[in-house]
Amino acid sequence: MREITFQQALIEAMREEMLRDERVFLMGEDVGLYGGAYGASRGLFNEFGPERIRDTAISEAAIVGAGVGAALTGMRPIAEIMYIDFTGIAMDQIANQAAKVRYMFGGKARVPLVIRTSCGSGRSFAAQHSQCLEAWFMHVPGLYVVMPSNPYDAKGLLKTCIRDDNPVIFIEHKMSYKMKGQVPKEEYLIPLGQADVKRSGGDVTVIAISTMVQRALKAAEELAVEGIEVEVIDPRSLVPLDMESICSSVKKTGRVIVVHESVERGGPGAEIATRIMEEAFDYLDAPVKRLSGKNCPMPCSPVLEEAAVPQISDIIGAVKEII
Amino acid sequence: MALSKKDMVEMYRRMLLVRYFEEKVDELYGLGKIKGGTHLYAGEEAVAIGACAAIKPDDYITSTHRGHGHCVGKGGDPKLMMAELWGKKTGYCKGKGGSLHIADLSSNNLGANGIVGGGIPIATGAGLSIQMKKSKQVVLCFFGDGASNTGSFHESLNMGGVWKLPVVYICENNLYGMSVPAARACAAQPDIAIRATSYGMPGQVVDGMDVLAVYEAVRKAVDKARKGSGPTLIECKTYRYKGHSKSDPRAYRTREEEAEWQARDAILSFRKKLVEKDVLTEKEAERINNEAYEYIEASARFAEESPYPDVSELLEDVYVD
Ligand SMILES: Cc1ncc(C[n+]2csc(CCOP(=O)(O)OP(=O)(O)O)c2C)c(N)n1
Ligand SMILES: [Mg+2]
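Heads up: the protein sequence lines correspond to chains F and B, in order.
For the first sequence, my numbering begins at 1 and goes up steadily by one.
For the second sequence, my numbering begins at 1001 and goes up steadily by one.
Derived from the structure by calculation, the hints contain no laboratory data.
Hints may be right or wrong, so weigh each one.
[Said to hold, decoys possible] With a Cα cut of at most 25 Å, we get these calculated SDA-like pairs of lysine to any residue: (1) B:K1242 x F:R123; (2) F:K178 x B:G1032; (3) B:K1035 x F:Q214; (4) F:K174 x B:L1315; (5) B:K1079 x F:R123; (6) B:K1035 x F:V303; (7) B:K1242 x F:E306; (8) F:K180 x B:L1315; (9) F:K174 x B:Y1252; (10) B:K1246 x F:G43; (11) B:K1035 x F:A127; (12) B:K1035 x F:T5; (13) F:K178 x B:L1028; (14) B:K1094 x F:E306; (15) F:K174 x B:E1260; (16) F:K178 x B:S1245; (17) B:K1089 x F:G122; (18) B:K1035 x F:S313; (19) B:K1035 x F:I312; (20) F:K320 x F:M277; (21) B:K1035 x F:G39; (22) B:K1094 x F:A127; (23) B:K1246 x F:G39; (24) B:K1246 x F:Y38; (25) B:K1024 x F:G122; (26) F:K174 x B:S1247; (27) B:K1272 x B:E1260; (28) B:K1246 x F:R42; (29) F:K289 x F:S245; (30) F:K178 x B:G1030; (31) B:K1246 x F:S245; (32) B:K1035 x F:M175; (33) F:K174 x B:S1245; (34) F:K178 x B:P1249; (35) B:K1246 x F:M179.
[What the hints assert, rightly or not] Derived coverage of chain B by chain F (criterion: at least 3 residues anywhere in the stretch with Cβ under 8 Å from a Cβ of chain F; other residues may be distant): (36) 1146-1156; (37) 1310-1318.
Note that the Cβ used here is the ideal one computed from N, Cα and C, for glycine as well.
Can you build the whole structure from these sequences, using the hints too?
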């Protein structure tokens, strides 16, 4: 199978959906000629032109809000917010409008809007350009929250999100864009709410989100040498969350670690761990463990930044502690 | 307050410090020695230095993602700035903030900002505080053309206008917000200053490549603000010489346009003026130039030799203890 980057996978997904459905369009800051801050729309401007690949002013509230309005009235917008940190500016439109319109209107409205955005540390961009904020959005009923960890998932999930009639926040880790992976030429879709077992093993379940999946896989490789078999599960979407796959892994291993980069307090790990306790308590042989970002803003200094998020060695350490 | 010769020489020196700082940073990024996001102010020096020359040490400024010039303008030390960019313990923010968040609170610089438009409401609030405390200070609020399209801009200028706050809103119109031309992002053309009418304050366009013109306009607005007669919006037409970021191929503008602006370089023309007006001899100008260059070289050495913060500092400074 051919290999493409995460960035190319996103471009292909949007391109295919734009060819398939003329209501699909992209708008955001520097998505046009520039091709997006992380190159995730490179080439689309030349192919589709400024009508459908729309540069906007620096106006996050209006980018998302115009997306809501366009979605309500028959278009299928993709709104790019350059960094997830800037969703704060658009939060009313995301949380009060996009997410709730359908419910407030008695199920009579649809908001087929995809908000694509980038998250994460790794580039010393400090506190306002490095956050993982998926938990903010998980807390808002009416939104789907999707976080792909490789090119294959990115493409299949983004296509599904574009076709879905609900508002989705699609979160791409900034350290993933250059990652290469196998992606078939043929069309495929990945349903939301379907976790993927990225590696199977019987000793410990590691539920990892976004770039933590690759770290968990590397940790699992090293642990396998010592005879410890780790099962790595990637939820892929946090809302909807595939508890069935998670619970069946827990039944097998009895030990679970949830790994994410976002800060620990009130993070996705809190939700996932609680759900496991509620739904698979009898199968647990140890308390569910969380391994996550430290409860502080992201620092600039590379040495501090590294210490702020789980590293491969931390995952190995946590696995050894739990068994 | 007319500028003394000494003031003008100091302005010239600070413009050079900014330029050499940015060139050094550009080089260090290229070498991979500094990580992180940085936006270079080269080309726009006349704005920050001219504007800051019109205020007193206890007046405030808010800065932007392109903030190195403002920091030097307000009296910041390039050594501590360079250390901050490098993520070192000796930097202005102990390496926690980096380029996007340099703040020198000791000189009443309320900080660079990673959020475009993020500083505009903060400047407005500092103005409110001054008004409530009757402390006679003023605030200079720097932001870009791109930032003028944020909701924060509109909400803040309106609030500042309604309450007649002592804030001078300084728009650095360098023609682009990242890759998007202001001409395509701002509905009202050709000037951002015309929006001042909507906020009940005067608006003015200034040549942002002329440090004395910037000084003069800001000085008048500062006098007005200090008297309690409310805010002003000043738009400085300027140009950033480098790409928005290191990886920017600058496909959205022409090399000819870049050359036209560089031909009007603010530092060179100011130097020429200083020599013509007998403020400096050629020789003195050259010495100041060389000293500025050397100071930046020394700043880079200081930053490189400084220690990184200790990992134990990670969880410090989150809350007031
Ligand atoms: C709210 C927000 N949106 C987008 C960005 C990304 N961004 C950083 S600088 C920039 C362009 C800003 O343009 P302008 O205000 O004109 O300032 P300039 O960079 O030209 O100095 C953009 C879009 C950001 N940092 N914050
Ligand atoms: Mg600009």
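Hints and how they fare:
1. B:K1242 x F:R123: holds, 21 Å
2. F:K178 x B:G1032: holds, 18 Å
3. B:K1035 x F:Q214: Holds, at about 23 Å.
4. F:K174 x B:L1315: holds, 24 Å
5. B:K1079 x F:R123: holds, 23 Å
6. B:K1035 x F:V303: Given pair B:K1035, F:V303 holds - Cα atoms ~11 Å apart, limit 25 Å.
7. B:K1242 x F:E306: violated, 30 Å
8. F:K180 x B:L1315: Roughly 35 Å between the alpha carbons, so the hint for F:K180 and B:L1315 is violated.
9. F:K174 x B:Y1252: With a Cα-Cα distance of about 24 Å, the restraint between F:K174 and B:Y1252 holds, given a limit of 25 Å.
10. B:K1246 x F:G43: holds, 20 Å
11. B:K1035 x F:A127: holds, 14 Å
12. B:K1035 x F:T5: holds, 23 Å
13. F:K178 x B:L1028: holds, 23 Å
14. B:K1094 x F:E306: Roughly 16 Å separates the two Cα atoms, so the pair holds.
15. F:K174 x B:E1260: Distance ~36 Å between F:K174 and B:E1260 Cα, so the pair is violated.
16. F:K178 x B:S1245: Between F:K178 and B:S1245 the Cα gap is close to 18 Å, so the pair holds against 25 Å.
17. B:K1089 x F:G122: holds, 19 Å
18. B:K1035 x F:S313: Judged against 25 Å, a Cα distance of about 23 Å means the pair holds.
19. B:K1035 x F:I312: holds, 22 Å
20. F:K320 x F:M277: Since the Cα atoms of F:K320 and F:M277 sit roughly 21 Å apart, the hinted pair holds (cutoff 25 Å).
21. B:K1035 x F:G39: Status holds; Cα separation ~20 Å.
22. B:K1094 x F:A127: With a Cα-Cα distance of about 14 Å, the restraint between B:K1094 and F:A127 holds, given a limit of 25 Å.
23. B:K1246 x F:G39: holds, 14 Å
24. B:K1246 x F:Y38: This hinted pair holds, its Cα atoms lying about 13 Å apart.
25. B:K1024 x F:G122: holds, 23 Å
26. F:K174 x B:S1247: Since the Cα atoms of F:K174 and B:S1247 sit roughly 15 Å apart, the hinted pair holds (cutoff 25 Å).
27. B:K1272 x B:E1260: holds, 18 Å
28. B:K1246 x F:R42: holds, 17 Å
29. F:K289 x F:S245: Answer holds: F:K289 to F:S245 is near 18 Å, not above 25 Å.
30. F:K178 x B:G1030: holds, 19 Å
31. B:K1246 x F:S245: At roughly 43 Å apart (the allowed maximum being 25 Å), F:S245 and B:K1246 break the hint.
32. B:K1035 x F:M175: With Cα atoms ~14 Å apart, B:K1035 and F:M175 stay inside 25 Å; holds.
33. F:K174 x B:S1245: holds, 16 Å
34. F:K178 x B:P1249: Satisfied, since the Cα-Cα distance of roughly 18 Å is no more than 25 Å.
35. B:K1246 x F:M179: holds, 20 Å
36. 1146-1156: holds (count 6)
37. 1310-1318: Since three or more residues must qualify, the claim that chain F covers the stretch 1310-1318 of chain B holds, with 5 doing so at under 8 Å.
In the structure shown, a violation is registered for the earlier hints numbered 7, 8, 15 and 31, in ascending order.
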